[in-house]
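Protein sequences, first through last, are from chains A and B. Numbers given in the working numbering equal positions in the first sequence, counted from 1, plus 120. Numbers given in the working numbering equal positions in the second sequence, counted from 1, plus 120.
By construction, these hints were calculated from the structure, which means they are not laboratory data. Remember, it's a predicted structure, so these values are computed and weren't measured experimentally. Any given hint could turn out to be false.
Any copy will do: because identical chains look the same in the list, a pair fits if it lies in one copy or spans two.
[Claimed, not checked] Below are the DMTMM-like pairs computed for lysine to aspartate or glutamate, each with C-alpha atoms no more than 25 Å apart in a straight line:
#1 K221 x E267
#2 K257 x E349
#3 K376 x E148
#4 K154 x E138
#5 K198 x E353
#6 K346 x E188
#7 K149 x D218
#8 K149 x E385
#9 K134 x D286
#10 K155 x D137
#11 K155 x E394
#12 K205 x D218
#13 K185 x E148
#14 K149 x E349
#15 K322 x D339
#16 K383 x E148
#17 K328 x E389
#18 K322 x E273
#19 K249 x D286
#20 K154 x E180
#21 K141 x E180
#22 K383 x E151
#23 K154 x E327
#24 K185 x E353
Protein chains: 2
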Amino acid sequence: MNIVYKIFGGKAHKGLDEIRKILHAVAEKQEFSKKVDLSLCSPMVLPLATDVNNALSSFEQVYKKQIEFISCAAHELKTPVAVLKSNSFNARSYTTIDQYKENFALIEEYSERLNILVKSLLFISRANKGTLRAEFKVVDISTLVHETFIGFEPYVSDMNISMSFDIQPDLFVMCEPGQVSQIFINFVQNSFSYGKPDGYVKVSLKEKDDKIVFSVEDDGIGIARKNLEHIWEPFWQADASRNNDGSSGLGLAIVKLFADMNKAELDVESALGEGSTFSISFNSYKGKA
Amino acid sequence: MNIVYKIFGGKAHKGLDEIRKILHAVAEKQEFSKKVDLSLCSPMVLPLATDVNNALSSFEQVYKKQIEFISCAAHELKTPVAVLKSNSFNARSYTTIDQYKENFALIEEYSERLNILVKSLLFISRANKGTLRAEFKVVDISTLVHETFIGFEPYVSDMNISMSFDIQPDLFVMCEPGQVSQIFINFVQNSFSYGKPDGYVKVSLKEKDDKIVFSVEDDGIGIARKNLEHIWEPFWQADASRNNDGSSGLGLAIVKLFADMNKAELDVESALGEGSTFSISFNSYKGKA
Chain A
121 MNIVYKIFGG KAHKGLDEIR KILHAVAEKQ EFSKKVDLSL CSPMVLPLAT
171 DVNNALSSFE QVYKKQIEFI SCAAHELKTP VAVLKSNSFN ARSYTTIDQY
221 KENFALIEEY SERLNILVKS LLFISRANKG TLRAEFKVVD ISTLVHETFI
271 GFEPYVSDMN ISMSFDIQPD LFVMCEPGQV SQIFINFVQN SFSYGKPDGY
321 VKVSLKEKDD KIVFSVEDDG IGIARKNLEH IWEPFWQADA SRNNDGSSGL
371 GLAIVKLFAD MNKAELDVES ALGEGSTFSI SFNSYKGKA
Chain B
121 MNIVYKIFGG KAHKGLDEIR KILHAVAEKQ EFSKKVDLSL CSPMVLPLAT
171 DVNNALSSFE QVYKKQIEFI SCAAHELKTP VAVLKSNSFN ARSYTTIDQY
221 KENFALIEEY SERLNILVKS LLFISRANKG TLRAEFKVVD ISTLVHETFI
271 GFEPYVSDMN ISMSFDIQPD LFVMCEPGQV SQIFINFVQN SFSYGKPDGY
321 VKVSLKEKDD KIVFSVEDDG IGIARKNLEH IWEPFWQADA SRNNDGSSGL
371 GLAIVKLFAD MNKAELDVES ALGEGSTFSI SFNSYKGKA
C-alpha cells in the first residue's frame, strides 16, 4: 500500500497515502461512506483527493436512492397485501353469496393495484439491467395518438371531465410506439386523476420548429412549483391529496425512463389549483417515412 | 481538470489525467462501469490507478447486486399476484358458496405468501437504511429455544419427520431475542421443508469453549458443496427442487442479517442427498445474568 507514497515521496505528495487507504476500504469492505480527509493532503494532491471524494459521494447517493427505492416499493406493497390478507381471512366466516361477492370485488381491485405495481417494478428493473426490449422505427405519431385513445376509458369518469383532441396530421418520429403510447396514456390518466369536477382535458399534437410536441392540459388541482422538479422520481407524491389514489407511484418514473430511451424531452408547467400541462417533445423525423 | 496534471507534470506522472477524467465521469454522470485505462499510466501512477479501478469495480458490483435484488423481488411477486388477479376475476362467474370457499382458500394462501415476502423486503430495507430497531439484552437462550418451539407447527408435517431436542440448560448470551428466535425458526423450517419422508430434525444447544452453539441437523435432500457459499444471498435458490416451495427466497438472507447484528457466526455443513446441519455460534455471556 505504501508503494505510491514511497515513489512519489516528499511533502508535495502528502495525502496520496490517505487516498489509497480510502480506496482500499471501498474496494475491500464496501465502505462507501468513507471520505478522504482533505486536511491530510498537500495543495498538489488536493484536486485529486477532491475528485475521489466527489466520486464517492456520487456513488453513495445512488446507493442510498436504490435502498430508498426498495423501501418505498415494500411500503407501497404493504397496504394492498394487508387488505387481501384480512379480507381472505374474514371470508372464512361468510355464509351468503352476497358477502362473498362484495369481498371479491375488493380483492379484485387490490389484486389489480398489486399487478400494476409489480409490472412497473419489472419494467424499471429491466430498464436498469438494460434488458428492456425496444424496437425503434419510424412511426406516424398522429395516427398513434388516435389509436391510443380509441375507446380510452379514463379512471375517473364520474367527475364529468370533458376531453378534446387537437391533432396535427402526418407527423413522423423515430420511436418505440408501445412506450410512447404508454406515455400518452399516463399523461391523460394523470390529468383525469387530478382533475376537477366539470373540468377539461385537452390533448394536442403539434409540430414546433424541428420538434413534435404532444401535450395534455388540464384545469385540475395542479402541482406546487417547488414540487415540479421531483415528480419524475420513483414513488414521489406531491402531497397527501396525491396519495392513495390507486396509482403505483411509478407512473411518471416510467414515463421518464421511456422518454430517455426515445430521446424525447419532458416538460411540465403547473400552478397549484390552476391545472397542469404535461408535454413531451420528439425530434421530428425528416427522412422518408 | 488539468491542474493536477500540470503540477505533477512530466512523464513520471502520466495517467493522473486519465484517473481524474474517470473520477469526473463517475461523479457527474454516475458512469460506474468506467475504468482507468492502465496502459495510459506510468509505472509510478499504476498502483494508484489500480486502486481506483478496484474501488470502481466494487461500486459496480454493489450497484448491480441492488438492481438484481429489485428484479428478483419483482419476479417473486409476479406469480402470487397473477394467481390472485386471475382467481378474483374468475369469481365473477361463480354461483355456489362451495366455489367461493375453494377459491378463498387459495387467495388466503397466496396473500400470506405475499405478506411474508413484503415483510421480508421491509426488514431488509430497514436494515440497509439502519432503521431496524433492536434491543439487545442478556438472554437465557436455553429458555428462548424452549419458548420458540412450544407449539411449533412445521410447514411440512405430512412427511412424518420426527423432531428432537437436546438443549443444555442455563446458557446466556447478549442478543436481540426476537431476531434470534427468528433464526431458530428459520433453521428448523428449512430442515422440514427440505426433509425426507420419515426423516429426522435434531435441534441442539451446547456450550463449546467460549461459544454457545445452536444447531439444527436433518437427513434431508442436502445442498451441493459448490452452492454452500451462496445460500445466504437474497433470492438464491440451490436448484429447481428448492423453488416454488412457498418461501420468500429471503429467509436465509434475513438470518445472515440478524446474525451480523447479533455478532454471531453462521455455519452450514451439508452433502447432497445426505442432509444438512445449520448452526449459529454466539459469544457466551460471562457477566452477571
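>> As a check of your reading, is K322 near E273 (CA-CA no more than 25 Å) within one copy, between copies, both or neither?
In response: Close inside one copy (15 Å), not across copies (60 Å); limit 25 Å.
> Between copies, within a copy, both or neither: which fits K221 and E267 at Cα up to 25 Å?
Replying inline: Result: close neither inside a copy nor across copies, 35 Å intra and 42 Å inter.
> How would you classify K205 and D218 at a CA-CA limit of 25 Å: within, between, both, or neither?
Replying inline: Both ways: K205 and D218 sit 19 Å apart in one copy and 20 Å across, limit 25 Å.
> Between the shortest in-copy and the shortest cross-copy C-alpha distance, which are at most 25 Å for K185 and E353: within, between, both, or neither?
Replying inline: Both, since 10 Å and 21 Å are each at most 25 Å.
> Can you tell me if K155 and D137 fall within 25 Å by alpha carbon in one copy, between copies, both or neither?
Replying inline: Classified as both: same-chain Cα gap 13 Å, cross-chain 21 Å, threshold 25 Å.
> Is it within, between, both or neither when you check K249 against D286 at 25 Å Cα-Cα?
Replying inline: Classified as neither: same-chain Cα gap 38 Å, cross-chain 48 Å, threshold 25 Å.
>> Regarding K257 and E349, is the shortest C-alpha distance of 25 Å or less found within a copy, between copies, in both, or in neither?
In response: neither (31 Å within a copy, 46 Å between copies)
> When no copy is named, should K346 and E188 be tagged within, between, both, or neither for a Cα gap of at most 25 Å?
Replying inline: within (21 Å within a copy, 33 Å between copies)
> For the identical chains here, do K155 and E394 meet the 25 Å Cα criterion within one copy, between copies, both, or neither?
Replying inline: Classified as neither; 46 Å inside a copy, 49 Å across copies.
> With identical chains treated as interchangeable, where does the CA-CA distance between K149 and E349 reach 25 Å or less: within a copy, between copies, both, or neither?
Replying inline: between (35 Å within a copy, 18 Å between copies)
> How would you label the pair K322, D339 (within, between, both, or neither) given a Cα cut-off of 25 Å?
Replying inline: within (9 Å within a copy, 68 Å between copies)
> Is it within a copy, between copies, both, or neither that the alpha carbon of K149 lies no farther than 25 Å from that of E385?
Replying inline: Classified as between; 18 Å across copies, 40 Å inside a copy.
Hints 1, 2, 7, 9, 11, 19, 23, counting from the list given before, are not met by this structure.
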